[in-house]
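Participant: Sequence:
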Amino acid sequence: MADHLPEVYTDFRKRFTDVARRQDALAAAVDAAGPLDERTARLVKLGIAIGSQAEGAVRSNVRKALAAGASVEEVEQVVLLGMTTRGFPATVAAWQWMHEVVGERE
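In terms of my numbering, the sequence shown opens at residue 8 and continues consecutively.
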């Protein structure tokens, strides 16, 4: 999965290693703070990323959701659910990002 990390992200982490380490620890604590399994949590995070139209986060959470056991159909449904909340253009953009990630896996 690391081969998909943007250079700006890896450069930021190298420059601010202590901040990155602390962010990683916070993320792990947040992930462990409730009853959701990893697959479900990744689908929820995907929905949040779609809602904010964060392309990198959409792509990342598609990869992570699939790695956690979500099916392509489940990921597609999460994208589609965005239509009535985020709108048609945002949903189509997210579907494109998701589709490109799925295509990379094939």
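Rather than coming from a laboratory, the hints here were simulated on the basis of the structure.
Keep in mind that the hints are not guaranteed to be accurate.
[Stated by the list, open to error] Here are the computed lysine-lysine pairs in the DSS-like style, where the Cα-Cα straight-line distance is at most 30 Å: (1) K71 x K21; (2) K52 x K21; (3) K52 x K71.
[As the list claims (entries may be wrong)] Restraint ranges, calculated between C-beta atoms of paired labels, are given here: (4) P96 x A39: 31 to 39 Å; (5) R20 x R112: 23 to 31 Å; (6) G63 x P96: 30 to 38 Å; (7) G41 x Q84: 20 to 28 Å; (8) T24 x L87: 23 to 31 Å.
Note that the coordinates shown come from a computational prediction; the quantities given were computed from them, not determined experimentally.
Don't be surprised by glycine CBs; every beta carbon is placed ideally from N, CA and C.
Participant: Could you grab the alpha-carbon distance between K52 and K21 and see if it respects the 30 Å cut-off?
Facilitator: holds, 25 Å
Participant: Could you say whether the range 30 to 38 Å given as a hint is met by the Cβ separation of G63 and P96?
Facilitator: violated, 18 Å
Participant: Starting from the hint 23 to 31 Å, judge whether the C-beta atoms of R20 and R112 obey it.
Facilitator: Since the Cβ atoms of R20 and R112 sit about 25 Å apart, the hinted range of 23 to 31 Å holds.
Participant: Check whether the Cα positions of K71 and K21 lie no farther apart than 30 Å.
Facilitator: At roughly 22 Å apart (the allowed maximum being 30 Å), K21 and K71 satisfy the hint.
Participant: Does the hinted range 20 to 28 Å hold for G41 and Q84 at CB?
Facilitator: With Cβ atoms ~22 Å apart, the hint holds.
Participant: Can you let me know if the beta-carbon spacing of T24 and L87 is within 23 to 31 Å?
Facilitator: violated, 39 Å
Participant: Taken at face value, is the distance from the CA of K71 to the CA of K52 at most 30 Å?
Facilitator: holds, 10 Å
Participant: Range hint 31 to 39 Å: satisfied by the CB atoms of P96 and A39?
Facilitator: holds, 36 Å
Of the hints listed earlier, those the structure fails to meet are numbers 6, 8, in rising order.
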